[in-house]
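In numbering that gives the first Met the number 0, the protein residues as written are 0 to 227.
Calculated from the structure, these hints are not laboratory results.
From a predicted model like this one, the values you see are computed outputs, not experimental measurements.
You may find that some hints are simply not true.
Within a straight-line C-alpha distance of at most 27 Å, the following computed DSSO-like cross-link-like pairs (lysine-lysine) qualify [as the list claims (entries may be wrong)]:
hint: 1; residue 1: 18; residue 2: 201
hint: 2; residue 1: 88; residue 2: 73
hint: 3; residue 1: 73; residue 2: 198
hint: 4; residue 1: 18; residue 2: 198
hint: 5; residue 1: 37; residue 2: 88
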Amino acid sequence: MNAELSILDLFLQASLLVKCVMVMLMMMSVVSWAMILKRSQILSRARSQAAHFEERFWSGMDLSSLYQDVQTRKDNLTGSEQIFYHGFKEFARLHRANGKLPESVMEGTSRAMRVSLSREVDRLENQLPFLATIGSISPYIGLFGTVWGIMHAFIALGSVQQATLSMVAPGIAEALVATAMGLFAAIPAVMFYNQLTNKVAKLEHTYATFMEEFSSILHRQAFSANQE
């Protein structure tokens, strides 16, 4: 066997179990990259939408008018718009029912916005745990394939009287491909998991800050209306 073997040759000559390990790792790599691309697009779009909505919110537009506009798209709301919609809706409902109890109004409004924030963060974090799992287990799966392949190569040497490096090298090489594929799947998964998690944390902070600022505005409205 010469030294010009390609990875495909090594794959074709590997044992069945090592082949299964390689195919599994390749599938995990494809799935992880699909998740990375999809999550990156979702988070980028969420950041852009949050900036656009907050620009409208702080433009001086009447909150009731903004709510009416948002309500027409209530089935497609995300991020800050979602928090605003549920917060203002609950505020208006409670204010009509308990206008003389501003503390109760604000407590219920804050609770509605916190629930909306939690759901939005859950949506943004969707699939990230699976990406972390790929990054964690891929090297071990590859290592398992390597150990099995090397063991298979050395067992095969037991049937010959004189072993040489040229006899054992191809078997070890094909086994080490499994480790390389495990790292190939794990490294991007870990890197992008950390990056995407950081982006989610920044968006969560953006939403939480908006929620607090919006709560302050509603708080002033609730207590000023009660004093009139």
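For residue 73 and residue 198, compute the direct alpha-carbon distance and say whether it is at most 27 Å. holds, 25 Å
Tell me if the straight-line CA distance from residue 18 to residue 201 falls inside 27 Å. Roughly 41 Å separates the two Cα atoms, so the pair is violated.
Given the hint that residue 88 pairs with residue 73, does the C-alpha gap stay at or below 27 Å? Given that 27 Å is the threshold and the Cα spacing comes to 11 Å, the pair holds.
Given the hint that residue 18 pairs with residue 198, does the C-alpha gap stay at or below 27 Å? violated, 37 Å
Does the alpha-carbon distance linking residue 37 and residue 88 stay inside the 27 Å limit? violated, 31 Å
Checked against the numbered hints listed earlier, the structure breaks hints 1, 4 and 5; every other hint is satisfied.
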